[in-house]
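Protein chains in written order, with our numbering: chain P, 1 to 426; chain F, 427 to 852.
Treat the hints as calculated values from the structure; they're not laboratory data. Misleading hints may appear alongside valid ones.
As the list claims (entries may be wrong) - Selected chain F positions facing chain P (in silico; Cβ < 8 Å): (1) 437; (2) 571; (3) 612; (4) 623; (5) 796.
Idealized CB from N, CA, C, for every residue including glycine.
Number of protein chains: 2
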Amino acid sequence: MTDPTDPSAALLARRARLLGPAYRLFYDEPLQLVRGEGVWLFDAAGRRYLDAYNNVASVGHAQPQVVQAIAQQAARLNTHTRYLHEGVLEYAERLLATLPPTLGHAMFTCTGSEANDLALRIARSHTGAQGLIVTSWAYHGVTAALAEASPSLGPGMRLGDAVCTVTLPLRAPPDQIGPIFAAGVREAIATLRARGVATAALLVDTVFSSDGVLADPPGFLADAVAAVRETGGLFIADEVQPGFGRTGDSFWGFARHGLAPDIVTLGKPMGNGHPVAGLAVRPEVLTRFAEQCRYFNTFGGNPVAMAAAGAVLDVIEQQNLQANARNVGAHLRDSLRRLATRHRHVGAVRGAGLFIGMDLVRDGDDPRPMPELTAKVVNGLRQRGVLLSATGPQVSTLKIRPPLVFERAHADLLVDTLDDVMTTLA
Amino acid sequence: MTDPTDPSAALLARRARLLGPAYRLFYDEPLQLVRGEGVWLFDAAGRRYLDAYNNVASVGHAQPQVVQAIAQQAARLNTHTRYLHEGVLEYAERLLATLPPTLGHAMFTCTGSEANDLALRIARSHTGAQGLIVTSWAYHGVTAALAEASPSLGPGMRLGDAVCTVTLPLRAPPDQIGPIFAAGVREAIATLRARGVATAALLVDTVFSSDGVLADPPGFLADAVAAVRETGGLFIADEVQPGFGRTGDSFWGFARHGLAPDIVTLGKPMGNGHPVAGLAVRPEVLTRFAEQCRYFNTFGGNPVAMAAAGAVLDVIEQQNLQANARNVGAHLRDSLRRLATRHRHVGAVRGAGLFIGMDLVRDGDDPRPMPELTAKVVNGLRQRGVLLSATGPQVSTLKIRPPLVFERAHADLLVDTLDDVMTTLA
Chain P
1 MTDPTDPSAA
11 LLARRARLLG
21 PAYRLFYDEP
31 LQLVRGEGVW
41 LFDAAGRRYL
51 DAYNNVASVG
61 HAQPQVVQAI
71 AQQAARLNTH
81 TRYLHEGVLE
91 YAERLLATLP
101 PTLGHAMFTC
111 TGSEANDLAL
121 RIARSHTGAQ
131 GLIVTSWAYH
141 GVTAALAEAS
151 PSLGPGMRLG
161 DAVCTVTLPL
171 RAPPDQIGPI
181 FAAGVREAIA
191 TLRARGVATA
201 ALLVDTVFSS
211 DGVLADPPGF
221 LADAVAAVRE
231 TGGLFIADEV
241 QPGFGRTGDS
251 FWGFARHGLA
261 PDIVTLGKPM
271 GNGHPVAGLA
281 VRPEVLTRFA
291 EQCRYFNTFG
301 GNPVAMAAAG
311 AVLDVIEQQN
321 LQANARNVGA
331 HLRDSLRRLA
341 TRHRHVGAVR
351 GAGLFIGMDL
361 VRDGDDPRPM
371 PELTAKVVNG
381 LRQRGVLLSA
391 TGPQVSTLKI
401 RPPLVFERAH
411 ADLLVDTLDD
421 VMTTLA
Chain F
427 MTDPTDPSAA
437 LLARRARLLG
447 PAYRLFYDEP
457 LQLVRGEGVW
467 LFDAAGRRYL
477 DAYNNVASVG
487 HAQPQVVQAI
497 AQQAARLNTH
507 TRYLHEGVLE
517 YAERLLATLP
527 PTLGHAMFTC
537 TGSEANDLAL
547 RIARSHTGAQ
557 GLIVTSWAYH
567 GVTAALAEAS
577 PSLGPGMRLG
587 DAVCTVTLPL
597 RAPPDQIGPI
607 FAAGVREAIA
617 TLRARGVATA
627 ALLVDTVFSS
637 DGVLADPPGF
647 LADAVAAVRE
657 TGGLFIADEV
667 QPGFGRTGDS
677 FWGFARHGLA
687 PDIVTLGKPM
697 GNGHPVAGLA
707 VRPEVLTRFA
717 EQCRYFNTFG
727 GNPVAMAAAG
737 AVLDVIEQQN
747 LQANARNVGA
757 HLRDSLRRLA
767 TRHRHVGAVR
777 GAGLFIGMDL
787 VRDGDDPRPM
797 PELTAKVVNG
807 LRQRGVLLSA
817 TGPQVSTLKI
827 RPPLVFERAH
837 ADLLVDTLDD
847 VMTTLA
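Using the sequences provided together with the hints, build the complete structure.
Here it is as structure tokens:
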């Protein structure tokens, strides 16, 4: 690792020196990327990699319409929301049109962390309560308030006193998932109450990205949300990962559950990599917060961010990327499931559209997790030119969430390469 | 305001409907901007305004080198810090070279709020303490953890139980400012201790932007910082506003106090409006945080952000903007002070470089604040084509912090226009 004649070793040493010990790199052999185009990423040696992981570059790496929108607006004006500008209004109008009509107001931040943090502030102002219920391997962001509600950051993170977790019954029989999860949420409400804490909100990623990916059965979230609302709490749908068409069946992950959230938070793919994020909220829920303090985010909702976000909506519409996510995603899940006939370690394949989790298990009939094998598969794929990662509390679920411009041929290349890797590791 | 035939009334109504009640606009007659160039902003009717307020567009609105850097890198690659990329390392190296050598590591976020929030997490991990000391009209950001440490957000914001404020002796005799402030910090440490809270950090904006702007006497912060360090706490310099050459005498606001902070936070002008921010930290201070959890910010330190930030450093260097800030700032402060001979409401003029606060008072000899007059002056300047704002707990200090490409002729236009406005209001 410290061979001075190896350029990547020199780069690693320089990185450790400059950025310090809190940063992490992907892969046993980290990847130095220099260029991207559509679903492809290119390393310093010119080798190309199929990107089956990056949900941020949702409409494709270096997408020309998005790049042009950013460049044109940056050359014209980039100020803030204390002046009037049509850009933020046009985008807010387009965004709110994709959401339930009860979500009347949009607010803009730069990151999903800022969006979830703001949602939490608004929920606590509205309810006058502090309690927050999240899943047991949730990730909602890096601010102080969210890190203490993100158990997936690891055992070194202390959860907040007002935070209570519920385990997602990822591998329960489909008809039991909703009842078990709702019972867990009711128990969390009671646990918080016993601590003297009232519940402000249930905050969940509607495709449960970090818990191991769970989309089905549609509607399973409804009972849990009803339980929180009965006690006066809000439902915050964290759409930072599932949103903007990725789940295929609908534009938002919560929609497959037949729900209208009180607050919806947005991020990652919203600007295809440009830092833009935000939330939509029921006007009644925002009232008290707005009475207590103003809201201003220096870069949030600025004209360049809004131009980037608008171009992303254009591309999703023009290229029918939500339908593509549905169709290619269904084909990919079917192909992944067929691998189980050839590889005993292939377990359940879950997800919706182009957000897919695939368990690696002891055996098809023995669902014990295989984290070491999962790490080998992820690294083996990287060596063969396919990029993805792993998720879940045991880190034994392959996390597959490519750019939405992923085609059937790309899905087939991914599955064939995975087939090879698993054959080699068998 | 709701006349449907007035296009700006229609825009205001549309904005209220879409963005809701928490957003604020500048000016009695809000300004719709459509274009910017250098120190100039242009409204929808084509009228130009001298920008004496926006410290974000620090190297000038729509600066061509910055725009080109963003456009070129966005067209090539925009991923994240879990892959190796030279851009983030080159920028970290350049940034750290401007800072005291004890600040060995750089970390990147998208906003100053995220930078201060991360600094607070790191400080609390390192010290094992929770207490935070800030000034009594501080603003440090919009996350939950920072809003409760930002009294300038208004009386509706409840300060955190671990937060204690110190009043900045803005108008004390110069030789008393340091001793009074240090005594206040010692008292805050004791107040926190009486609540059972140990002090993790003193967090201050080193030019005290929201408290009313205070730069002098150089060195006045040193005693307060020593008091915090004696009790085991850290000194976090919030350079989101003073940083990147604005104060003229040095590249960073803390430098005029002869201090090396434990953490320095960065933001606003860093990418000239592109959302990029971050911090620099002493490696020893980061150790425990890194043991407890990893750090990842999806857009933070991405190649486009780093290209924008690098171009900003290029322009500051090539155009000698720090020296320009010093020279034009000194000329501007002198000219503003001379206005006192013609206008009795002109009070103290404070600041460094191109960060200036000018009090409006009952009379030169009677320093009682004049908030209504200040609002009239700000709006009168806007009507005459000069943009600035007001700051301080009484909102009676004109806040002047133009792009660093501000020239003497621009300063003269600002002062002449202010002279006119004050004559009209006399």
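Going back to the hint list, which numbers does this structure go against? 3, 4, 5
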